[in-house]
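Here is what each chain is made of, one letter per residue.
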Amino acid sequence: MSPDVQTSAGTTVIALEGELDDVRVRNLWEDVVGRARAGGTGSVVVDATKLSEVGGTGLLLLAEIRRTVVWAGGTIEMRGLTADQASLVERAVGHKPPEPREEDSHFVSDVGETAFRALDELADTVRFIGEAAIDLGYAIRHPGSLRWRDLLRVMGQSGIDSMPVTCMLSGIVGFIIAYQMMPALDRYGAADQTPTIMGFAIIRELGPLVTAIILAGRSGSAFAAEIGTMKVTEEVNALTTMGLNPERFLVTPRVLAVAITTPLLSVFASFAGVLGGWLPMIARDMSLELYLQGVRNSIDQVDFLQGVFKAFVFAVVIGGIGCRSGLKTQVGPGAVGASTTRAVVAGIVAIIVLDGVLVGLFHALGI
Amino acid sequence: MLTTAASTETVIEAKDLSVGYGGRAVLTGINFTVASGEVFVIAGGSGCGKSTLMKAMITLLPPVAGTLRIAGHDLVTGGDEAVNDVRRSIGVMYQGGALFGGLTVLENVRLALEEQGLFTWTEMNSLALSLLAMVDLDEHCNKMPSALSGGMQKRAAVARAMAMNPQIVFLDEPSAGLDPISSAGFDQMVVRLARSTGRTFVVVTHELPSIFTIADRMVVLGGAQKTQLAIGSPKELLESGPPDVRRFLARQPEEDRPQGAAS
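Protein chains in written order, with the working numbering: chain A, 1 to 367; chain B, 1 to 263.
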């Protein structure tokens, strides 16, 4: 049923009748609001006396009519509404919402700002890891200041609990590398050099790297989630106001734990990787003893220590990044998740970049 | 109610204080003093800046301008030293309790004592147990915080806040999330602790029954400019405070919003 609209002497009278249910409101909306707008600065009367029922959406239509007229600078009168209905509709006052602000951004400036933010973030992360390393030194000199229970718990989680998955992955990586390399070496009749290459690749590089990637996924994310949750539940604030330094209390035991366990774990991972590399050699009738002899001949103590040192550096960096992500957790339902993701991604990127830097450094130093 | 005689020592002094975030004031014109042994309530509607003011008082936010003196230490001019001194003089109960989830209730309370390094292990356990007894939680001392109800966690947090023998105990929204009975029980506990220990309690709340039960004096925050609306005892303010404050204390919502000029 269309509304009855009459206009005379600058006054538009919109008479509505029947039931104002959802379907009818949808059909009427454009027509009625358009007519109210057409009234301009004049007077609009909405006659609702013949309405049998005004549903929730019906009231919204009346509010829209009222708002439209008031914004246009006109006057409006509603007839036939109950006092409660009129009070609700009258809340649709003539306050225009602010215009949405035009995005004051430009591709070039966005890229610049993002780059500067990333640099700030990098500088802050380096500073944090440096402070964590200093705290680590303090804790080693003053063992009484350590939270031993936390240290042992995290050592168990990041060391013993990580052992099976780290060794398994490292073993598979060793197997794949040896398997893929053999056809290429066969072309030059050098398949018997596989143990030499495996020794270098696994012990100097892949053992520590696979261990660090697992560490970033398991412990880095766990640190960010644990500390992030503590931040959200104000436990970090509680530590601060109790005069306890959150860095010393939360960061030091975690970073120290991974700094102890990761080099050890990396030794096991390297051994598993070397063993994995032997599996394709079974087809070539190479005995394990001969294979291991080849590996041993290819590397010396410096290569082994290089791998262990890398694992130690990776552990401090991943532990530091994980803890920092947790302490930087913002508020909101997705905050802890975002911190965890940041810890894992930043941790993996950092160790791979750092690995490149260390390779260059060792090469420059001739080791 | 506790006495608030003029001769009593002032433990908190705020003068022309502005507090906010990143150097930008969100709450200005704060002027009050709190006497030793008082239960002082910071009240106001949601979003009026109560929590921001409390964060400044417990050293989590640096004041933007003015003077803020807690337990004799000036947080505006005193630098890190004053911040550390204030932290040694206060205890805080956070809204959700903020107990450390990996420690038992007893360990949570003992932690503060451990860091003091003054007592032996046995003494610390006895002290922590006594503190828990003061909040009726001694029989739950070996439970993990997750095994306690919300009200019990808050009571344990009060025991932890009092462990370092603070001059001032801050309570952030103690009634939030509690049923009326637990809330009333908590209020009685606060009054009992204040009277028996003589410590100063600063309570941030907007719960009117709590305010009338516990407050010796209160400051009401609010207004369009977010400032201090009034200070006094709840009874005084209800009877002769500014209209906004009387409406707040009488639980009367604001009058209907102004209508459009052209209606």
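Be a bit skeptical, because a hint or two may be false.
Here are the simulated SDA-like cross-link-like pairs (lysine to any residue), alpha carbons at most 25 Å apart as the crow flies [claimed, not checked]:
| id | chain 1 | residue 1 | chain 2 | residue 2 |
| --- | --- | --- | --- | --- |
| 1 | A | K50 | A | E30 |
| 2 | A | K328 | B | D80 |
| 3 | A | K328 | B | G20 |
| 4 | A | K328 | B | D138 |
| 5 | B | K55 | A | R149 |
| 6 | B | K55 | A | K50 |
| 7 | B | K143 | A | Q157 |
| 8 | A | K328 | B | T122 |
| 9 | B | K143 | A | R149 |
| 10 | B | K55 | A | E30 |
| 11 | B | K55 | A | Q157 |
| 12 | B | K143 | A | E30 |
| 13 | A | K328 | B | K143 |
| 14 | A | K50 | B | E239 |
Because the hints were derived from the structure by calculation, they are not lab data.
Report the numbers of all earlier hints that the structure fails to satisfy, in ascending order. 4, 5, 6, 8, 10, 11, 12, 13 and 14
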